[in-house]
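Number of protein chains: 6
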Amino acid sequence: MRFDEAYSGKVFIGSCPNYGESEVVLYGMPMDWTVSYRPGSRFGPGRIREVSIGLEEYSPYLDRELKEIKYFDAGDIPLPFGNAQRSLDMIEAFVDKLLNDGKFPLGMGGEHLVSWPVMKSVYKKYPDLAVIHMDAHTDLRTEYEGEPLSHSTPIRKVAELIGPENVYSFGIRSGMKEEFQWAKENGMHISKFEVLEPLKEILPKLMNRPVYVTIDIDVLDPAHAPGTGTVDAGGITSKELLASIHEIARSEVQVIGADLVEVAPVYDASEQTANTASKLIREMLLGWVK
Amino acid sequence: MRFDEAYSGKVFIGSCPNYGESEVVLYGMPMDWTVSYRPGSRFGPGRIREVSIGLEEYSPYLDRELKEIKYFDAGDIPLPFGNAQRSLDMIEAFVDKLLNDGKFPLGMGGEHLVSWPVMKSVYKKYPDLAVIHMDAHTDLRTEYEGEPLSHSTPIRKVAELIGPENVYSFGIRSGMKEEFQWAKENGMHISKFEVLEPLKEILPKLMNRPVYVTIDIDVLDPAHAPGTGTVDAGGITSKELLASIHEIARSEVQVIGADLVEVAPVYDASEQTANTASKLIREMLLGWVK
Amino acid sequence: MRFDEAYSGKVFIGSCPNYGESEVVLYGMPMDWTVSYRPGSRFGPGRIREVSIGLEEYSPYLDRELKEIKYFDAGDIPLPFGNAQRSLDMIEAFVDKLLNDGKFPLGMGGEHLVSWPVMKSVYKKYPDLAVIHMDAHTDLRTEYEGEPLSHSTPIRKVAELIGPENVYSFGIRSGMKEEFQWAKENGMHISKFEVLEPLKEILPKLMNRPVYVTIDIDVLDPAHAPGTGTVDAGGITSKELLASIHEIARSEVQVIGADLVEVAPVYDASEQTANTASKLIREMLLGWVK
Amino acid sequence: MRFDEAYSGKVFIGSCPNYGESEVVLYGMPMDWTVSYRPGSRFGPGRIREVSIGLEEYSPYLDRELKEIKYFDAGDIPLPFGNAQRSLDMIEAFVDKLLNDGKFPLGMGGEHLVSWPVMKSVYKKYPDLAVIHMDAHTDLRTEYEGEPLSHSTPIRKVAELIGPENVYSFGIRSGMKEEFQWAKENGMHISKFEVLEPLKEILPKLMNRPVYVTIDIDVLDPAHAPGTGTVDAGGITSKELLASIHEIARSEVQVIGADLVEVAPVYDASEQTANTASKLIREMLLGWVK
Amino acid sequence: MRFDEAYSGKVFIGSCPNYGESEVVLYGMPMDWTVSYRPGSRFGPGRIREVSIGLEEYSPYLDRELKEIKYFDAGDIPLPFGNAQRSLDMIEAFVDKLLNDGKFPLGMGGEHLVSWPVMKSVYKKYPDLAVIHMDAHTDLRTEYEGEPLSHSTPIRKVAELIGPENVYSFGIRSGMKEEFQWAKENGMHISKFEVLEPLKEILPKLMNRPVYVTIDIDVLDPAHAPGTGTVDAGGITSKELLASIHEIARSEVQVIGADLVEVAPVYDASEQTANTASKLIREMLLGWVK
Amino acid sequence: MRFDEAYSGKVFIGSCPNYGESEVVLYGMPMDWTVSYRPGSRFGPGRIREVSIGLEEYSPYLDRELKEIKYFDAGDIPLPFGNAQRSLDMIEAFVDKLLNDGKFPLGMGGEHLVSWPVMKSVYKKYPDLAVIHMDAHTDLRTEYEGEPLSHSTPIRKVAELIGPENVYSFGIRSGMKEEFQWAKENGMHISKFEVLEPLKEILPKLMNRPVYVTIDIDVLDPAHAPGTGTVDAGGITSKELLASIHEIARSEVQVIGADLVEVAPVYDASEQTANTASKLIREMLLGWVK
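Going down the list, the sequences are from chains A, B, C, D, E and F.
All letters in the first sequence, in the order written, are residues 100 to 389 by the working numbering.
All letters in the second sequence, in the order written, are residues 100 to 389 by the working numbering.
All letters in the third sequence, in the order written, are residues 100 to 389 by the working numbering.
All letters in the fourth sequence, in the order written, are residues 100 to 389 by the working numbering.
All letters in the fifth sequence, in the order written, are residues 100 to 389 by the working numbering.
All letters in the sixth sequence, in the order written, are residues 100 to 389 by the working numbering.
Wrong hints could be hidden among the right ones.
The list makes no distinction among identical chains, and a pair is therefore deemed to hold if it is satisfied within one copy or across any two copies.
Here are the simulated DSS-like cross-link-like pairs (lysine-lysine), alpha carbons at most 25 Å apart as the crow flies [as the list claims (entries may be wrong)]:
id: 1; residue 1: 338; residue 2: 291
id: 2; residue 1: 291; residue 2: 166
id: 3; residue 1: 304; residue 2: 219
id: 4; residue 1: 338; residue 2: 299
In short, the hints are calculated from the structure, not lab data.
Bound conformation, chain A alone (with noise of 0.2 Å):
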């Protein structure tokens, strides 16, 4: 007696209804307390849910449809809101069920620091480990303004938990001078300004190696997501981004989960940040799920 959920913006487009028979999961993350700019995250994976209606099921790009692959919709996590401590304990204490449950985890943000507990989840079922991240920004704060737990500084986190040399930034245009110093002599990797070139060098250096993706939305330029907390101009074309899916998706590399945040609805005065979200969710889920 209930009418479809997709249809009413419900659940993401295409979800199956029971957890236990998906491969995937799709989550939301609802945090937003910790950014230093524009607030606003904490309702993306809401707004990317409900516009994802208006796509079609099928990629023209990778000739799949979503109909052959199982994800379930678990909602949003109900994060304490201003507590950053115990939502970063939620998400991990979630994750690892999924993980132990055999899903792939597909999480939506929420601010960039939501990642961090997702990649030590992660890292604690997959010791070797490797961290792909699109991004304007280096996150490779250790603190901001005093505080250890802040938007800025999840790949640092996940840089010391993994070993720098693990971890590979692409389309970084925005960081301090220390940040850009620290990667440089742990032997992190950062891509500047561009992501799709340089993605083709590395993925083969990264050959069935588990690999975890996480795609901060600023990564693209205000252009193409002005509806995020913080713009940088400079920034790739979402044609771009889809490009560098896609060749994610046909490397070598066995992408074992991902995430896209810091879509901010409220900065998006056309629906088209979220728009394309919900698009590149579904290129993530064709392409990355085998």
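Fit chains B, C, D, E and F to the given chain A structure using the hints.
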């Protein structure tokens, strides 16, 4: 394994998970294809649900909590875009089923024409039906630019079906001269401009009768409901509309179904109209479902 | 072979095609170059016309229809950007012509300074002119930051021209101390905060006199008219403004011209101000043109 | 006595006052009732005209001025809201008349379904017609949710009418698997993702043939055209679309009519899409009308 | 060599350049990390300052000018993003300093939780403190989703600190049943829905007592303050709120500090809320600082 | 006792507190009264400062930090609204003073006409001045609708002052036929459509010459700068504009002053244009001040 649906904006806050156990069914009628001015109300029900998470579940007006009522949110009826007749048929069939199952139908529009098949269905069950109509517009046209299925016609249709003397319009401040004349000549009640005071006079006359209440959000002044298709200055305040809902709640009238229509999110810059609509739905639930 | 112009938003709804046969001429004065705060009212007249298609042609307040009056929409006067003096000269010449041809001038601004040349022109024809002024602001400055041609000065200019005792301001809630003092010392009437009640007292005194009415849309509270250059909290409702227009309509005052100014579409997120303005224009036409 | 109409945003800049003397007729088709996602394109033609005042009349791309062409702006066809069939009939009759009078039809939508009756009409005059179609979407469905009259079907309809081998689609990045298959199996040309380069290859094949060009503004990336119903990331830039228009202008193809559809002002926060559309119309006029 | 700071929107209009000579200190508390619904009030103080340039410096309500008072605009306290406890500590330390220096603290939020450390600080200086609280919400929770530091708790905290019988809430229209019960059982005053009339009754009881006034902008109806985190229909008008401020100004109450919180510019489509807030700040200064 | 001014959005991030010690002076020219289309750029400088808090102080493009340069933010020049001539005089006097004190002038508009008095002043000091101009528009008119002081004329004025052969325009895609002809006939350089590639050719010719660079933000495509008065499709990307700034930085050209004009916040729905402008200012500082 799925998180609370209201938290993710998927269902109206506090709704129960099963159709079977519910007294009330909340449903969306996402149709806007016959509007003559600004479309967009198809997205009304979805946005009302989404923002309902911002509501408290308790009404200090009625001293009652949502948990005292069992209501099921059925989502949106999947209406065929651009086909008015088929859409109306689907709505009528759906409400027939609800009434057959003993449910209280609480609908969300969509354009006002969606109320027509609902009232048709309700009339089949309640032959002594009266209708209370709150709106800026008469909606008494027989057709609009040659189209008999138009958002300008639902009250005329129901008046012809159940008898004009059983229809009571309030807050009306816009219409053709002919519409006002038709009402006058046919014994239909129209209170121009005001709602609360004339309602107090009329309610005693409807004592113990089954009443369907249809509220067009544009009965509110544009200051209180900018997010609707056809705004019209000089309307009532949300305080007055709340008081009118409470007046009905305290009366001897037997409300047997209701709707709230014409919320158009794309014109609702600050989401105030959707937030107001979600509060009105709460008060309608708490006040009218005994 | 050309479709109805009102349908395409080209002219105000119901206007007649020929200047010659018209009693009233509706015209735009798209000037906003002297405003001290937020510009944008140059686009006001165009947007008011465009949204007029959403109006009914009948007023249930006055029981009168637009077809009972012949009015011609002349479009916008092509004012030279950034040159206040030349703009004012062009407006004055245009209104001189209208008055010479026996037309009722009904202007749409634009910033309030545009009313000054109109009133100058009107005064040449009607030496016993009185002015009714509804506004949030006194507009009684002699200059602004050294500029005598400023949106803060038109009422001072007209008061000095026709005598302060012939100017009646209503709804005023903002101004310099000196402006209020000047009015007091010079016998000019100012009703602070309110419009309708003081208007009822003043109207009998103006019986049979020719009166020009100039309405700054910001006399409305920002809730009712967000789309204007200088919003100021604590204003009247659109219901009260409508009632004030109707009060004048029912009085013995002889309105011989009027304007509505300061609608700024770019600040009118939901187009509510433009819609309200188009309804006010309709009521001014139906109420003041006998 | 009426001011210049383009100045007031009433007609497209530079248009001539008489139908009789014109070579080209510009007209609006304000229909959006069959769209499956976001409505609002009914207001597209009006806004395109309004912002055209911001255009220069000279094209530095084509070294040609608007005054070299005589075009008449007929306004918007007054289509019956919510009735798709009657709307299409009215459009077809109007274009029949234009073609009979020897005019070049240049239409502005409205949803893409409006192109169907135009192309039907054009085909009656030009039996060897070819169609160039630029769009993000295939528009090759036979029906949508049971409706054969849907914004997802116009290209299928014209392909079946004039033969799929005479239809050339460019820039396509969204559709059902079945649509792409149907095109392939039936010899219809689809260039996925790109426009300019494949166009260069196709144009020589169409030498001297009468060609109708239909452009859905969503062929542009959402960064370049946020103001449309269904945005889809990964599109072309406005620079590329301009170059494509110029490529056709310089080819031996005989353009005999064209349209630009799907501009939806309510989603066009900064009016950039309407401004871009008005420039595209200028270039189509200057490039395609010899 | 620096231009007037208010002109550039840097400080609140009319503020004096030196802390030392000031009677009042105006300061921002840009914190929004514990809000449960829509964040963004961190940008409130900045926007209020910026739009203050649109204000007149004279109040026709109080017949007083800003130059009669010396107030210093200290800017925003640089709070650590996402750390509620440290933020509150910094605010308390800052206000301790102000009070020690004999200043009148006039704060701008930020979420309502920022008022808690201010009131704590004020209570240290004034042990017979009473609090006047105007708000849509009770804010009497002990915690929210497990968090004791939440925007839903400040009034509970202050009530427990200074005694519930010393806290007077007005305009309340939202809260949990338990919150209303707690207030009732503990002798705390709550006026539901209304502000001005109950305030007139309460003020004589507070004669000569030191009173801190905390105003949540959402006590206003969403029509009057759309730009806030949690809008709730049925509120008071800005006219009523102004009258309430003036009522306090004319009473025998000794206001010793105040704040205005929860202005969220990103939801303030036309900047009306910020403009209203800046006028409220002016009236608070002119009315409450003797 | 005052908090950091950049934190409160009062001054551009990283600016130094004293005029005396500065090498560069950043200043706003908040004038928009002669624009022919959409006004609003008067608020540009303020918003650019405000959002600069979101910038990193390090440029990964130039490997340089803001702290390496001493610049003072003087605020906005208090220009008289609506008086173009007096405004230009004030700007010229201010820049005369800066140059006299040995400062590098870095201006923010405001409409493009503000660059004219700046360049006049600069030319007095540098008689062998060359001008690099990046813009969508030629700005070579002698007057606009009879006004010689118009936003369409500044480049013509400077070309006539310093000789057309010393003016180099890039990215031009809009203008009257006569403007392009005048440039051609008078030896002024215009690169149509492109900036970076032609700039590479021109820069060597300007080696060691003093160069003033004036950038109209609308040289960017509307996708990259929707927040400006006159958008024009087919522009360059922000990536290309950044590269152009860096190309100049790496050349032998001696930049002796610069400006960035035409940012209009009210059309900048997501604040992306202001954010981009603040990054451009940072790169201009880091790249052009040696």
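Tested hints:
1. Within a single copy, residue 338 and residue 291 get their C-alpha atoms as close as 18 Å, and across copies as close as 13 Å, so both meet the 25 Å cut-off.
2. Within a single copy, residue 291 and residue 166 get their C-alpha atoms only as close as 37 Å, which misses the 25 Å cut-off; across copies the closest is 22 Å, which meets it.
3. In the homo-oligomer, the alpha carbons of residue 304 and residue 219 lie at most 25 Å apart inside one protomer (22 Å), although the nearest pairing across protomers, at 56 Å, exceeds that limit.
4. When the C-alpha separation of residue 338 and residue 299 is checked against a cutoff of 25 Å, the pair qualifies both within a copy, at 16 Å, and between copies, at 21 Å.
Going down the numbered hints, you'll see the structure goes against none, and every one checks out.
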